Structures are given as C-alpha cells and as structure tokens.
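Undergrad: When you get a sec, could you build the whole thing from the sequences and use the hints?
Residue numbers for the sequence shown follow our numbering, so the first one is 10 and each next one is one higher.
Please note that a few of the clues may not be correct.
Unchecked claim - Straight-line Cα separation of at most 25 angstroms, SDA-like style, residue types lysine to any residue; simulated pairs:
hint, residue 1, residue 2
1, LYS124, ALA159
2, LYS14, ILE95
3, LYS124, GLN144
4, LYS82, LEU125
5, LYS124, LEU20
6, LYS124, LYS170
7, LYS82, SER24
8, LYS52, GLU126
9, LYS82, GLN144
10, LYS82, TYR29
11, LYS41, SER24
12, LYS82, VAL109
13, LYS14, SER54
14, LYS41, SER55
15, LYS41, LYS124
16, LYS14, SER71
17, LYS41, THR86
18, LYS14, ALA131
19, LYS81, SER18
20, LYS14, SER30
21, LYS52, PHE15
22, LYS81, SER24
Hints listed in this document are in silico derivations from the structure and should not be mistaken for laboratory results. Note that this is a predicted model, so its numbers are computed, not measured.
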Amino acid sequence: TNTVKFERSGLTEDSIQWLYSGSNAIRCTVGKSYTAQANFYTKDSSAIDGSGVIFGIYFYTSDSSSAGTFRKKVSFTNNQWVYESITAVAPQNAAYVSIVIGAYRNGTFWMAHPKLEEGDIATEWSLAPEDKMKQVRFWSGTTYDERESAPFIVYNDGSIKATQGEFGGVFSGTVEI
Numbered sequence: 010t011n012t013v014k015f016e017r018s019g020l021t022e023d024s025i026q027w028l029y030s031g032s033n034a035i036r037c038t039v040g041k042s043y044t045a046q047a048n049f050y051t052k053d054s055s056a057i058d059g060s061g062v063i064f065g066i067y068f069y070t071s072d073s074s075s076a077g078t079f080r081k082k083v084s085f086t087n088n089q090w091v092y093e094s095i096t097a098v099a100p101q102n103a104a105y106v107s108i109v110i111g112a113y114r115n116g117t118f119w120m121a122h123p124k125l126e127e128g129d130i131a132t133e134w135s136l137a138p139e140d141k142m143k144q145v146r147f148w149s150g151t152t153y154d155e156r157e158s159a160p161f162i163v164y165n166d167g168s169i170k171a172t173q174g175e176f177g178g179v180f181s182g183t184v185e186i
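TA: And the structure:
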C-alpha cells in the first residue's frame with residue numbers, strides 16, 4: 010500500500026505548495042487521455058477547507074516546461090477515505106505526464122493508492138492484460154523466485170518457453186523433446 014501523509018502548519022494565509030510525481034512521470038502522447046486516481050483521508054477537513062487540497066494531472070514538455078495542469082478540489086469527509094479521479098487529454102508539446110497534489114492551507118491529510126494510467130477510465134489495481142497473459146503458471150525450476158528463469162516454463166496464456174528457445178501454438182497429444 011502506497012500511503013503518504015502531508016502536514017502543513019504556520020500559514021496565516023493561502024499559500025500553495027505543489028508536490029509532483031516527476032520522478033515517476035510517464036511518457037505521453039499528444040491527444041491521448043490520461044487518468045489519475047487516489048484515495049484521500051483527513052481527520053479535520055475544516056483545517057484544509059477554503060482553497061483546500063488540489064489533485065491533478067500535470068503535463069510537461071521534453072525540456073521540463075509546463076504543458077498544462079488539469080486539477081480538481083478534493084472533497085474530504087472527516088475520518089473517511091474518499092476516492093477522487095481525474096482525466097485529461099495531453100495538450101500540444103506534452104512529452105510527459107505525472108500526478109500533482111497541491112495544498113493551500115494548514116492541515117493534515119493522507120493520500121493512498123495513487124495511480125496514473127493511459128486512457129479515460131480509472132481501472133482497478135491489477136496487472137496489465139498483456140502481463141496477466143504472461144504470468145508463469147508452472148515451471149521446472151528450483152525455487153519460486155527463479156521461476157522466470159527456469160529451464161522450462163508454461164505461461165497462463167498456454168505458451169511454453171524452454172532454455173533452448175521459445176515455441177508456441179496449439180498442441181494436442183504428447184509433446185516429446
């Protein structure tokens with residue numbers, strides 16, 4: 010579980026502080042949709058109300074200049090996790106996309122399970138379809154940790170891999186090596 014706690018104090022007026030997931034940015038394609046999602050929690054929403062906490066998608070160019078930010082205010086409920094998602098289309102000159110969080114006021118809140126993905130639907134946390142199809146079903150290795158490098162592997166999609174090469178297709182009967 011990825012959870013981060015944000016604390017701000019000592020402010021006497023609104024002052025935005027942004028947190029970007031820049032080191033975890035992904036390449037983007039101009040014109041494609043990207044969706045961010047996360048869960049948020051606070052014990053005292055009155056401390057962060059007003060301008061509040063902003064959740065968004067930040068696009069930037071290949072030279073790290075801003076290409077656009079799309080954001081929304083988090084709708085907190087005290088002592089409950091609330092889910093937020095946002096979708097935006099990559100603007101002209103966008104090369105990378107990341108999640109951005111902004112807090113204007115004093116207060117404490119948590120964010121959990123942040124996720125950024127291509128597409129306009131916030132999907133459940135799971136492996137990508139192409140990864141699910143290539144999960145090791147059984148292997149002839151010595152340990153679980155070495156399953157990906159075992160001498161013989163059968164994947165969930167039915168394909169077979171051997172150390173002397175890969176082969177696949179539909180087999181019936183007995184395979185003799």
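Undergrad: Hints first: check each against the structure and report whether it holds.
TA: Hint by hint, here is what the structure shows:
1. LYS124 to ALA159: Distance ~32 angstroms between LYS124 and ALA159 Cα, so the pair is violated.
2. LYS14 to ILE95: holds, 21 angstroms
3. LYS124 to GLN144: holds, 22 angstroms
4. LYS82 to LEU125: holds, 17 angstroms
5. LYS124 to LEU20: violated, 30 angstroms
6. LYS124 to LYS170: violated, 32 angstroms
7. LYS82 to SER24: holds, 15 angstroms
8. LYS52 to GLU126: violated, 29 angstroms
9. LYS82 to GLN144: At roughly 39 angstroms apart (the allowed maximum being 25 angstroms), GLN144 and LYS82 break the hint.
10. LYS82 to TYR29: holds, 16 angstroms
11. LYS41 to SER24: Since the Cα atoms of LYS41 and SER24 sit roughly 32 angstroms apart, the hinted pair is violated (cutoff 25 angstroms).
12. LYS82 to VAL109: Given that 25 angstroms is the threshold and the Cα spacing comes to 12 angstroms, the pair holds.
13. LYS14 to SER54: It holds: about 14 angstroms lies between the C-alpha atoms, which stays within 25 angstroms.
14. LYS41 to SER55: violated, 37 angstroms
15. LYS41 to LYS124: holds, 17 angstroms
16. LYS14 to SER71: violated, 30 angstroms
17. LYS41 to THR86: Between LYS41 and THR86 the Cα gap is close to 32 angstroms, so the pair fails against 25 angstroms, i.e. violated.
18. LYS14 to ALA131: holds, 23 angstroms
19. LYS81 to SER18: holds, 22 angstroms
20. LYS14 to SER30: holds, 15 angstroms
21. LYS52 to PHE15: Distance of about 12 angstroms is within 25 angstroms: holds.
22. LYS81 to SER24: holds, 17 angstroms
The earlier numbered hints that this structure contradicts are 1, 5, 6, 8, 9, 11, 14, 16 and 17.
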